[in-house]
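Novice: What follows is the residue order along each chain.
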Amino acid sequence: MMEFTQAEALGVLATVAKTLIILVGAVLMAALMIPIERRLLGLWQDRYGPNRVGPFGSLQVVADMVKIFFKEDWIPPFADKAVFVVAPAIIMVTSLLAFAVIPFTPTWTVANLNVGVLFLLAMSSLGVYSVIFAGWASDNKYALIGAMRTAAQMISYEVFMGLSLLGVVLLAGSFNLGDIIESQRGMWNVIPQFPAFVIFFIAGCAEIHRAPFDLPEAEQELTAGYHTEYSGMKFGMFFVGEYLGIVLISCLVTVLFFGGWLGPWLPGFVWFFLKAFTFMCFFVLLRASTVRPRYDQLMAFGWKILLPIAIVNVAITGAIVVATS
Amino acid sequence: MEFTFFAAGIVALATTARVITCANPVHALLYLITSMLALAIDFYALGAAFAAVLEVVVYAGAIMVLFVFVVMMLNLNNETVAREKSWLRPQLWAGPAAAAGLLLLALLWALIFGGIEYGGITGEELAAREVGMNLFGPYVLVVELAAFLLLAALVVAAHIGRDDTDQVSDAAARGERVTTNVRESR
Amino acid sequence: MKNAAQTAFSATSSVLRTIGMTFMHSFRKRETVLYPEEKPYLPPRYRGRIVLTRDPDGAERCVACNLCSVSCPVDCISVVKAEDETGRWYPETFRINFSRCIYCGFCEDACPTYAIQLTPDFEMGEFDRQNMVYEKSDLTIAGVGKRPGYNFYRVAGMAVGGKDKGEAENEAKPVNIKTLLP
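Residue numbers (my numbering), protein chains in the order written: chain C, 1 to 325; chain D, 1 to 186; chain P, 1 to 182.
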């Protein structure tokens, strides 16, 4: 049917290699976030954090991984086995798939989709299933309550996330993430789209259920929420999945509002990394400083404050775009 | 693209069959989600990337979540599975299955002898811009009608979800005797 | 409307202020004591490892009265009494199971001779549980502990070890109950 020339085969190999590098890099970055977060939390709480394993505690993550690999991977007898096993895989797969469309530099992107922004939204909406199925399959009331909260929280905040993105899409005139970055050559989107940036960041926080929006796994009320029954490597997947989410949202904020690879003097990738890393640290700062809202407050804040602001922002941006074009 | 289309199509057919035959509702929903994802891939293979992504965002990502949400709340157990199984007797599904089989035969007949030519799948992309142009151009009436429907649904939801407890507690705060209880005042 | 705007402003600014204040903690002194390198100060009356002290003459203080064993809430002290030729009691075995001890200090309070004392030492981790059982030889120290100059037998009104009744410090001669003379 199709015949590969040597050049084509090499091209395919290069693409596969690039994909692997990006995916492994994303997972490594997510794993590295674990000790970085613990050290930063220590810094902001006047403690040290883990500082024994390796220089400045940098090998702590290796120790944790070795521990988690050798833990017993236990499935409770009352759990729905198939769903229980599938759930942690879903969050890893969706998070990693979302990385496929992120342009790290003009040439380093796995898939240059024309509907990149929508693809990201699709992947983040599929991530809900991981939490819901984990909560349901555990057959544990804490897990189920956590799953319920997640379902409502993630579906709601996806709406604001999408709406806040629309302003950026209108300015760039494209759903393609590379085009969106190129459209920010004159001015980063964060200036004309500041409300959208704030909403996107808040919604992103809620979407990956990070503190202060970590109601699905609120330790004080729900022990560990949806992953109460998980142990060993399956728990590790939820854990890394959450940090993948942080890396993903940081990358997205960088791409959509802070001009991605754009920046003087330094190479593009360094700029991208610096910007994204700043936001990862900001996620940690948020966790160190803010308090968790009550569940109804979270919903009211979303639907009564974020939604109107997002809609007004889209309307005004649309009007300006129509008026100037 | 042809290979992708047919592979995803086979997955969609198989998972949809399992949706009907699976006795455990949550497992059936999992199959339904998979079926929708396969459909999205089919859309993508046909060149409608926009529709494919919307299928995932709206159907698989939002509506199905609510389905799962509701089913989760029903406290299903092994008895439910057994009851579902008992409902899957041949005399119950034989009639509808025969009727559906007839329809399938008619469809196949039309496809084979109706003079329809297989156009091939090229994977040419239909951009989001054209979808938007069409929606607010020739099909604007349909969009507006859908908007009416959604608005009506929104109003009903707001009406059902409205909270009367504030009025009652306000009256109590003023020292008035509350004669109607909350449920009656709705 | 004005009220809502005020609420929104104050809520937003309070969240931002919290974030800012937390960030300023990057430049504060850290409160953690890095333990193995830097030892914390422990006061002399800290309740740590239990020892058996000796009196100033170098003889052991314990009289095997078993009060410590009785007062111990977790029953981790076991004492077997013995008596030497002068009539003095001493513990033949004195065994404390430190894997059960809760370091409450009740034994120290109960001891009439200040023999059993708690010391400011808590670094007694072991890999083998059996090594946590301390015998009399492990417990006895050479010094007087927290009570210098105290010798129970020198102040107690008991005839023991060549000292007769009435010969102890601050003790009057025994009253002869067989005579009416003053």
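Think of the hints as simulated: they come from the structure by calculation, not from any bench.
Each residue gets a CB set at the ideal place from its N, CA and C atoms; glycine is no exception.
Wrong hints could be hidden among the right ones.
Claimed, not checked - Straight-line C-alpha distance at most 27 Å; calculated DSS-like pairs for lysine-lysine:
1) P/Lys173 / P/Lys163
2) C/Lys304 / P/Lys136
3) C/Lys67 / C/Lys81
4) P/Lys2 / P/Lys81
5) D/Lys85 / C/Lys81
6) C/Lys81 / C/Lys141
Said to hold, decoys possible - Not the full set, but computed from the structure, chain P residues with beta-carbon under 8 Å of chain C:
7) Ser14
8) Val15
9) Thr22
10) Phe23
11) His25
12) Ser26
13) Arg28
14) Glu31
15) Arg47
16) Val70
17) Asn151
Novice: Each hint needs a verdict: does it hold in this structure or not?
Specialist: Right, here's what the structure says about each hint:
{"no.": "1", "hint": "P/Lys173 / P/Lys163", "verdict": "holds, 12 Å"}
{"no.": "2", "hint": "C/Lys304 / P/Lys136", "verdict": "violated, 74 Å"}
{"no.": "3", "hint": "C/Lys67 / C/Lys81", "verdict": "holds, 24 Å"}
{"no.": "4", "hint": "P/Lys2 / P/Lys81", "verdict": "violated, 85 Å"}
{"no.": "5", "hint": "D/Lys85 / C/Lys81", "verdict": "holds, 20 Å"}
{"no.": "6", "hint": "C/Lys81 / C/Lys141", "verdict": "holds, 17 Å"}
{"no.": "7", "hint": "Ser14", "verdict": "violated, 10 Å"}
{"no.": "8", "hint": "Val15", "verdict": "holds, 6 Å"}
{"no.": "9", "hint": "Thr22", "verdict": "holds, 4 Å"}
{"no.": "10", "hint": "Phe23", "verdict": "holds, 6 Å"}
{"no.": "11", "hint": "His25", "verdict": "holds, 5 Å"}
{"no.": "12", "hint": "Ser26", "verdict": "holds, 6 Å"}
{"no.": "13", "hint": "Arg28", "verdict": "holds, 5 Å"}
{"no.": "14", "hint": "Glu31", "verdict": "holds, 5 Å"}
{"no.": "15", "hint": "Arg47", "verdict": "violated, 27 Å"}
{"no.": "16", "hint": "Val70", "verdict": "violated, 42 Å"}
{"no.": "17", "hint": "Asn151", "verdict": "violated, 48 Å"}
This entry does not satisfy hints 2, 4, 7, 15, 16, 17, going by the numbered hints stated previously.
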